[in-house]
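S.K.: Mind docking chain S on chain Z? Use the hints.
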Amino acid sequence: MHGMFHTSLPPDQDRLLSLFHEIQNSRTETNDIPPEDVREIARYMNLSVAEVYGVLSFYHLFSVTPRGRYVVRLCDSLSCRVAGSVDIYSYLCGQLGLKRGGTTDDGMFTLELVNCLGSCDTAPNMMVNNQLVGNLSIPKVDDYFGRLMKEAGK
Amino acid sequence: MKVKVQSEYIRRFAESEPSLEGYEKLGGYKGLKTAIQRSPGDVRQEVVDSGLRGRGGAGFPTGKKWESVPADERHKETILVCNADEGEPGTFKDRYLMEHIPFLVLEGLTIAAYALQAGRMYIYIRGEYPEVYEGLQRAARAARERNYLGEHILGSDFSIDLEVRIGGGSYVVGDETALLNSLMGKRGYPWMKPPFPTEKGAWGVPTVVNNVETLACLPVILSEGAERFARIGAPESPGPKLFCVSGAVQNPGIFEFPMGVSVGDVIEAAGGTKGSLKAVQIGGTAGPVYTDAALSYKLDYESMKKRGGVLGSGALVIMDSKTNMAGVLEIIMRFFSEESCGQCFPCRYGTRQLAYMARRIACGQGRSSYLPLMVETTEIMDAASFCPFGQSVSLPLRSLFEGFGDEIERFIREQEYVKEVV
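The listed protein sequences derive, respectively, from chains Z and S.
All the letters of the first sequence, read from the start, carry residue numbers 75 to 228 under the numbering used here.
All the letters of the second sequence, read from the start, carry residue numbers 3 to 424 under the numbering used here.
Since the hints were made in silico from the structure, they are not lab data.
Quick reminder that beta carbons are idealized off the backbone N, C-alpha and C, glycines included.
Accuracy of the hints is not assured; some may be wrong.
[Claimed, not checked] Below, computed lysine to aspartate or glutamate pairings styled on EDC-like, alpha-carbon distance capped at 20 Å: (1) Z:K173 - Z:E114; (2) S:K324 - S:E418; (3) S:K324 - Z:D161; (4) S:K35 - S:E23; (5) S:K324 - S:E409; (6) S:K66 - S:E304; (7) S:K195 - S:D384; (8) Z:K224 - Z:D180; (9) S:K307 - S:E238; (10) S:K324 - S:E238; (11) S:K188 - Z:D88; (12) Z:K173 - S:E340; (13) S:K188 - S:E165; (14) S:K188 - Z:E125; (15) Z:K228 - Z:D216; (16) S:K324 - S:E416; (17) S:K32 - S:D159; (18) S:K276 - S:D322; (19) S:K32 - S:E229; (20) S:K188 - Z:D86; (21) S:K188 - Z:E96; (22) S:K202 - Z:D88; (23) S:K195 - S:E69; (24) S:K188 - Z:E114; (25) S:K276 - Z:D161; (26) S:K308 - S:E238; (27) S:K66 - S:E79.
[To be verified] Listed next, the stretches of chain S that the computed footprint assigns to chain Z, with coverage defined by at least 3 CB atoms under 8 Å from CB atoms of chain Z: (28) 163-170; (29) 254-264; (30) 328-340.
One chain only, chain Z, in its complex shape (with noise of 0.2 Å):
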């Protein structure tokens, strides 16, 4: 029996990262997989806990470690770089007081840098959770934040 998740996906190994996504987005407070549902996983699926954590560490999108309820994914590719993502880099490193990885202190923001989100023309773009928002501009930034902020009631 699986003790920490719920899934309808069969036990199958094709399906580990449709449920390491299932899992990262069923904890919105923290958007990872912790060590407990790695082993879970391995239980589950028949497979060793190495193997499990193996593929899991090989994406870039998944985190074993706990993160911010929104991970905020910045684009720093060629084609968002001419665009001007380091002025939106350093102004959320700014305003958030946070550097690439890091996650603030209320636990609401990781920010992570990414390569390519495949919108290179509405450079730059960012994902938030699972939304991408592109055309970014520090004004838009703010909005945007300025809403999640009051979503979550801050």
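M.R.: What follows is chain S alone, placed relative to chain Z:
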């Protein structure tokens, strides 16, 4: 999403709503209806005759790939996989096709599945496209309701369904062997060929992997004939191609042109350069960075190869005079070091060394000895890396040094600092 598509081929579908009815109204599913009236061998021959080459980057002839599935292995029921792991920086055409014309992709997949007499088919979508993943599942449900998927498709003997799968974020997985490992729930490591996937692919079964845009070409090839398709574009690279234009241009977007169009014409379609043109990277991050001399270059597989470059995915990233090339070097080297799968030593270590040196340069701590050292590192990677990923680093690096070496050397000498280092 503001997308400009100029084309005879895609636009007729692009004006439809992403609904099945809208797609049918514009001639959608004519290709599949034509295909299932004919024998699978006939359909394969039509695609061979069209001269269609894979739009994912390598440009391998699609019909030839299909024919390389050993005939005596067909009883194993070939697996067909649509490679929708669009991770090449500067590329967003597959996202566009799947978001706006999902049925064109689904129709292409079903035609390919019929031609191959496949037993299973998948779309593997990159993890960064969750909304595309949802959208394609909706589209597949709609297609199933109208019997374009499922049992006895359109009353024929042929049955197949589609499974939509999502990745976890990895550039290397765009390689077909790495993609199949990932599809099986493993690390996205490429494997050494042979065996080629068409001989021994996912779960040991012959597997054909085709790119989204490649599959999107099939409906028109079937409904209007290979001959018409083969007449478009360049002789060795026939057909239309989607070019993704981004960076310092007035109207970034996707533009469809016949293969063989010039770089200048594509940039002009995007409204021209914003500011003055300094550099253009063609084919993705693994492609060379050219000076403005590239404006006259013809965009097709053969012409780009003759220039020592690649057509790749058809991405053009435009850089204006404000762009600092030491910064560009740093971005590209960082990209490779973050995305190296780590399986082989030359690539894992080489990309880290390159990223380290590029970062030192960009931070104003570079040494002039770094440049030959970086070239030497890529020479070793070219010779010793396991897969094309490690071998592809040398193209952008050497072209940057050829075209912009003076600027980078001056930058090192004067120990400037790129304010743009993240």
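S.K.: Look at each hint and say if it fits the structure.
M.R.: Verification of the hints:
This hinted pair does not check out: K173 of chain Z and E114 of chain Z have alpha carbons roughly 33 Å apart, beyond 20 Å. Using a Cα cut-off of 20 Å, the hinted pair K324 of chain S and E418 of chain S holds, with the two alpha carbons roughly 15 Å apart. Between K324 of chain S and D161 of chain Z the CA atoms are separated by roughly 14 Å; this keeps the pair inside 20 Å, and the hint holds. With a CA separation close to 16 Å, the supplied pair K35 of chain S and E23 of chain S stays within the 20 Å bound.
This hinted pair checks out: K324 of chain S and E409 of chain S have alpha carbons roughly 13 Å apart, not beyond 20 Å. Note on K66 of chain S and E304 of chain S: the hinted pairing holds, with a Cα-Cα distance of about 17 Å set against a maximum of 20 Å. At most 20 Å may separate the alpha-carbon atoms for a hinted pair to count; K195 of chain S and D384 of chain S meet this at roughly 17 Å. As the CA atoms of K224 of chain Z and D180 of chain Z are separated by approximately 14 Å, the hinted pair is consistent with the 20 Å bound.
Proposed proximity of K307 of chain S and E238 of chain S is supported: the alpha carbons are some 12 Å apart, at most 20 Å. For the proposed pair K324 of chain S and E238 of chain S, the alpha carbon gap of about 37 Å is over 20 Å, so the pair is violated. For the hint linking K188 of chain S to D88 of chain Z, the alpha-carbon distance of about 8 Å falls within 20 Å, and the restraint holds. Restraint check: the Cα-Cα separation between K173 of chain Z and E340 of chain S comes to about 17 Å, which is no more than 20 Å; the hinted pair holds.
About 18 Å separates the Cα atoms of K188 of chain S and E165 of chain S, which keeps this hinted pair within 20 Å; it holds. Simply put, K188 of chain S and E125 of chain Z have alpha-carbon atoms about 8 Å apart, close enough for the 20 Å limit, and the pair holds. Note on K228 of chain Z and D216 of chain Z: the hinted pairing holds, with a Cα-Cα distance of about 15 Å set against a maximum of 20 Å. Between the alpha carbons of K324 of chain S and E416 of chain S the distance comes to roughly 18 Å, so the proposed pair stays at or under 20 Å and holds.
Proximity of K32 of chain S to D159 of chain S is assessed by CA-CA distance (about 18 Å); at most 20 Å being required, the pair is judged to hold. Among the hinted pairs, K276 of chain S with D322 of chain S is consistent with the structure: their alpha-carbon atoms are about 7 Å apart, no more than 20 Å. Between K32 of chain S and E229 of chain S, the direct Cα distance comes to roughly 17 Å. Compliance with the 20 Å bound is thereby established for this hinted pair. Of the supplied pair hints, the one linking K188 of chain S and D86 of chain Z holds, its CA atoms being roughly 11 Å apart against a limit of 20 Å.
Restraint check: the Cα-Cα separation between K188 of chain S and E96 of chain Z comes to about 17 Å, which is no more than 20 Å; the hinted pair holds. With a C-alpha separation of about 17 Å, the suggested pairing of K202 of chain S with D88 of chain Z holds against the 20 Å cut-off. At most 20 Å may separate the alpha-carbon atoms for a hinted pair to count; K195 of chain S and E69 of chain S meet this at roughly 17 Å. Among the hinted pairs, K188 of chain S with E114 of chain Z is consistent with the structure: their alpha-carbon atoms are about 17 Å apart, no more than 20 Å.
Of the supplied pair hints, the one linking K276 of chain S and D161 of chain Z holds, its CA atoms being roughly 19 Å apart against a limit of 20 Å. For the hint pairing K308 of chain S with E238 of chain S, the CA-to-CA distance comes to about 13 Å; that is within 20 Å, so the pair holds. Between the alpha carbons of K66 of chain S and E79 of chain S the distance comes to roughly 18 Å, so the proposed pair stays at or under 20 Å and holds. Note: the region 163-170 of chain S has 4 residues with beta-carbon separation from chain Z under 8 Å; the three-residue rule is met and the coverage holds.
Coverage of the region 254-264 of chain S by chain Z holds. Counting CB-CB distances below 8 Å, 3 residues qualify, and the rule asks for three or more. Only residues whose beta carbon comes within less than 8 Å of a beta carbon in chain Z count, and the region 328-340 of chain S has 6; three or more means the coverage holds.
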